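Peer 1: Each chain is listed here by its residues.
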Amino acid sequence: MKKLDLHIHTIQTVSDHPFSFSIEKLREYVQALSIDGIAITNHNEFDITQYKDIQSSLSDICVVLPGIEINLGKSNFGHIICITDQDDIEDFSIRCKAVQDRIITQKNFISLDELQQIFSDFEKYLWIPHYDKKPILDADIISAMGTCILCGEVGSVKKFIYRQKDLDSLIPLYFSDLRPSEDLEVFPSRQTFFDIDEISVSSIKKSLIARRHVALTENEGNELFYALPDLPVSKRLTVVIGERSSGKSFMLDQIAKQYDNIKYIKQFDLIETKPEQAAKDFTDQIAAKRSSFAEEYFTPFKEAVDIVKNIYLDRDEKALEQYISSLIRFAKEADRADMFAKCALYNESKFPARSFDNITKLIESVKNLLDAHEYRDIIKKYVTRGRLIDLLKDLIYRYREEKRRSLEETWVNDLIGEIKRTLSLRTSAVNVPDFDIYECQMNRVKVSKFNDLVNTIKRKTIINQKMVGGFVIQTEKRPYNSASELKNFSGKKNVSFSKYMDEYANDPYRYLLGLVEMEDIPETDYYKYFVYVEYQILNQYGFSVSGGERAEFRLLQEIDDANSFDMLLIDEPESSFDNLFLRDRVNQIIHELSMNMPVILVTHNNTVGASIRPDFLIYTRRIIDDNVTYERYYGLPSSKELISSTGNSIKNFQVVLDCLEAGEKSYNERKRDYDLLKN
Amino acid sequence: MIYLKIDSGKGFFLDAEDNMQEIHDIRKEDILRLLDLATDSSITFEMDEIKDGNIQNEAHKIIYDKIYGKFNELLKNKARFIDESGSLYLDAIQKYTDS
Chain A
1 MKKLDLHIHT IQTVSDHPFS FSIEKLREYV QALSIDGIAI TNHNEFDITQ YKDIQSSLSD
61 ICVVLPGIEI NLGKSNFGHI ICITDQDDIE DFSIRCKAVQ DRIITQKNFI SLDELQQIFS
121 DFEKYLWIPH YDKKPILDAD IISAMGTCIL CGEVGSVKKF IYRQKDLDSL IPLYFSDLRP
181 SEDLEVFPSR QTFFDIDEIS VSSIKKSLIA RRHVALTENE GNELFYALPD LPVSKRLTVV
241 IGERSSGKSF MLDQIAKQYD NIKYIKQFDL IETKPEQAAK DFTDQIAAKR SSFAEEYFTP
301 FKEAVDIVKN IYLDRDEKAL EQYISSLIRF AKEADRADMF AKCALYNESK FPARSFDNIT
361 KLIESVKNLL DAHEYRDIIK KYVTRGRLID LLKDLIYRYR EEKRRSLEET WVNDLIGEIK
421 RTLSLRTSAV NVPDFDIYEC QMNRVKVSKF NDLVNTIKRK TIINQKMVGG FVIQTEKRPY
481 NSASELKNFS GKKNVSFSKY MDEYANDPYR YLLGLVEMED IPETDYYKYF VYVEYQILNQ
541 YGFSVSGGER AEFRLLQEID DANSFDMLLI DEPESSFDNL FLRDRVNQII HELSMNMPVI
601 LVTHNNTVGA SIRPDFLIYT RRIIDDNVTY ERYYGLPSSK ELISSTGNSI KNFQVVLDCL
661 EAGEKSYNER KRDYDLLKN
Chain B
680 MIYLKIDSGK GFFLDAEDNM QEIHDIRKED ILRLLDLATD SSITFEMDEI KDGNIQNEAH
740 KIIYDKIYGK FNELLKNKAR FIDESGSLYL DAIQKYTDS
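Respectively, the protein sequence lines represent chains A and B.
By our numbering, the letter at position 448 of the first sequence is numbered 448, and the numbering carries on one by one without gaps.
Counting from 1 along the second sequence, just add 679 to a position and that's the residue number in our numbering.
One chain only, chain A, in its complex shape (with noise of 0.2 Å):
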């Protein structure tokens, strides 16, 4: 097997972070991880003699491979590293050139066809896209290069768990992407073990014919990865035990800086300190978490405070005494009418507007209907391809007649609003304004519907309950109880809601034009003051949770939330959890997730330790000379020694023991101690 890394970057090119390349840090970077073979593969360029100096200084520890990462897509871009070997570098040199020449700034990138004239021959290269791992190259050209490209690389090890499962995906790598320079502490261990003697573009390809050729770590296959240069882990479960002040905690932190995008649940974080805060903390977290629910249940309400806070029915109603007291006006001037207001268009009013709602929700619809594809069947057993096409065409057309007609009629409306405003000023008659009954209806209408709307709203109801791993999560909507309370929830000094209290009660509509008026209330948020939405947790037996149920709570929730990372990390759950919670929920929760990532669990506890079934264990052990170092003993649990990076070794029995047991003696005593109970 041989560990290569074939993606490090050397120069800082106009696609990277400012970075000052060191020689000597790749150097040390290739020996601290014994790595055979490396790629150097700057961003759209190739620097021949930067590569020849690399080379040479670190021909007596690795191989070095020339390549370049370049930038490459249709609409936007992806990356893709190009490997050649090394007695190709003259032409490699001239070929990166065209492709450096291309590409100036960031966003600059080449698409297919260029790349086949600048490269020809593909064949002839390692072709390693960034497959999941971003920016990732377009699926339409990695299948457009066809079986030249034989591997992806891929951005986390659950990302390589994940594609190495799935047989149709490319065989997945994973390297470090590493700039070597002056300032860098951490070396990652982000390689991949080949399945090859020497290593050349060839012999690479040749091992990529089958998945089992690349592995994680070089004895394992695919079991284990490297967490730390020397210190392997499972994919799956890894279960950390040792006693107290053995670097376990330091550990998973030197773990956590290895990577990006790992959760992190450190020891004692769950255990609250100050149990009321903690109390509501905990409120305002879930409510945070639950907004978005809300949100949905209250949309159709929004849209009513919506539509509704833009009515004024004074206003409406002062129009329509306008227009009654001008028409008794004009109807009692009529027989001295002069020839301007005797015009027909005087007193014309306008064309309504139309609305198109109905019919554009109609052809979404139709639409809808056509495009589907999920329930295409039951919809054909009913009605035709054909039917829906032609029922779509005719609600087009109809749309574009009736849209015709209101731009006509908009056209007509103008014409006459101009013709009667230049009559009116030469009449003496009493000019009778326009005034929109129907328009008016409607508003009142509206509003009626609204009041009926908020009262039902109001109502004390529970809206939604959802169960988190025993626990309910209740979410309940009432009205607000006092003026203070909206203050309260607005989080604003300078309001005031006593004056608005008997509209809330009694006025819904009048309520809305009182927080209409103040300013400081956002005109989105008007919808949140009519019904305050309160969240509970509730634990099994439907009580209110106490301080420690809500720890529960939170590890869950922390572990529920994990899925959405590459890695999960927990220091010692027993310390703020008794052990029927560990074992019948923690347990099992963890165990699901370890399918599909690695999950590195440190504990002192045998509920957790031992009945959580590792797929591998770690054992720490602190060494106190002239200075205090750490060391780590690591195998699978069914192994009768653990060993050491360094080829010590341990009995797994006695350290399990030890550890979990408090020693084999105690051990004894409390098993004879639990039979006579039993007998």
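Honestly, the hints are just simulated from the structure, not real lab data.
Please read all numbers here as calculations on a predicted model, not as lab measurements.
By construction, the Cβ of each residue, glycine as well, lies at the ideal position given by its N, Cα and C atoms.
Please note that a few of the clues may not be correct.
[Stated by the list, open to error] List of simulated lysine-lysine pairs, DSS-like, C-alpha gap at most 30 Å:
| no. | chain 1 | residue 1 | chain 2 | residue 2 |
| --- | --- | --- | --- | --- |
| 1 | A | LYS302 | A | LYS492 |
| 2 | A | LYS350 | B | LYS774 |
| 3 | A | LYS403 | B | LYS755 |
| 4 | A | LYS280 | A | LYS477 |
| 5 | A | LYS403 | B | LYS689 |
| 6 | A | LYS381 | A | LYS361 |
| 7 | A | LYS342 | B | LYS774 |
| 8 | A | LYS342 | B | LYS707 |
| 9 | A | LYS350 | B | LYS707 |
| 10 | B | LYS740 | B | LYS755 |
| 11 | A | LYS466 | A | LYS263 |
| 12 | B | LYS774 | A | LYS381 |
| 13 | B | LYS749 | A | LYS403 |
| 14 | A | LYS206 | B | LYS757 |
[What the hints assert, rightly or not] Computed beta-carbon distance windows for the label pairs:
| no. | chain 1 | residue 1 | chain 2 | residue 2 | range |
| --- | --- | --- | --- | --- | --- |
| 15 | A | LYS449 | B | THR776 | 53 to 61 Å |
| 16 | B | LYS774 | A | GLN277 | 36 to 44 Å |
| 17 | A | SER355 | B | THR776 | 22 to 30 Å |
| 18 | A | SER349 | B | ASP697 | 23 to 31 Å |
| 19 | B | ASP744 | A | ASP507 | 49 to 57 Å |
| 20 | A | SER349 | B | ASP731 | 52 to 60 Å |
Dock chain B against the given chain A, drawing on the hints supplied.
Peer 2: Using the frame of chain A, we list chain B on its own:
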């Protein structure tokens, strides 16, 4: 064909029954109908031009002048409303007609 006419110092329009009516009786529905005729490419829409002093009735003058001006402007681009409404859902029609 003449749709807007000036005669004896007054303005007239052709109503739905093809009778010339005095322009002070024109309603919005009449204007809309004339608009349809004016934008119909198969019809030659003609109007008498309003000039200094050829309409003496002041009310007629106001109405005729405004209508004449607006229609005159429209006749330069008869397809205006069709262009604006005819492109609605053009993509959808093409997509499903081809499929």
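Peer 1: Hint by hint, note whether the structure agrees.
Peer 2: Hints, one by one, checked against the model:
no.: 1; hint: A:LYS302 to A:LYS492; result: holds (21 Å)
no.: 2; hint: A:LYS350 to B:LYS774; result: violated (38 Å)
no.: 3; hint: A:LYS403 to B:LYS755; result: holds (21 Å)
no.: 4; hint: A:LYS280 to A:LYS477; result: holds (18 Å)
no.: 5; hint: A:LYS403 to B:LYS689; result: violated (35 Å)
no.: 6; hint: A:LYS381 to A:LYS361; result: holds (23 Å)
no.: 7; hint: A:LYS342 to B:LYS774; result: violated (54 Å)
no.: 8; hint: A:LYS342 to B:LYS707; result: holds (15 Å)
no.: 9; hint: A:LYS350 to B:LYS707; result: holds (8 Å)
no.: 10; hint: B:LYS740 to B:LYS755; result: holds (23 Å)
no.: 11; hint: A:LYS466 to A:LYS263; result: holds (24 Å)
no.: 12; hint: B:LYS774 to A:LYS381; result: holds (23 Å)
no.: 13; hint: B:LYS749 to A:LYS403; result: holds (20 Å)
no.: 14; hint: A:LYS206 to B:LYS757; result: violated (71 Å)
no.: 15; hint: A:LYS449 to B:THR776: 53 to 61 Å; result: violated (42 Å)
no.: 16; hint: B:LYS774 to A:GLN277: 36 to 44 Å; result: violated (58 Å)
no.: 17; hint: A:SER355 to B:THR776: 22 to 30 Å; result: holds (28 Å)
no.: 18; hint: A:SER349 to B:ASP697: 23 to 31 Å; result: holds (27 Å)
no.: 19; hint: B:ASP744 to A:ASP507: 49 to 57 Å; result: holds (51 Å)
no.: 20; hint: A:SER349 to B:ASP731: 52 to 60 Å; result: violated (33 Å)
In terms of the numbered hints stated before, the structure departs from hints 2, 5, 7, 14, 15, 16 and 20, listed from lowest to highest.
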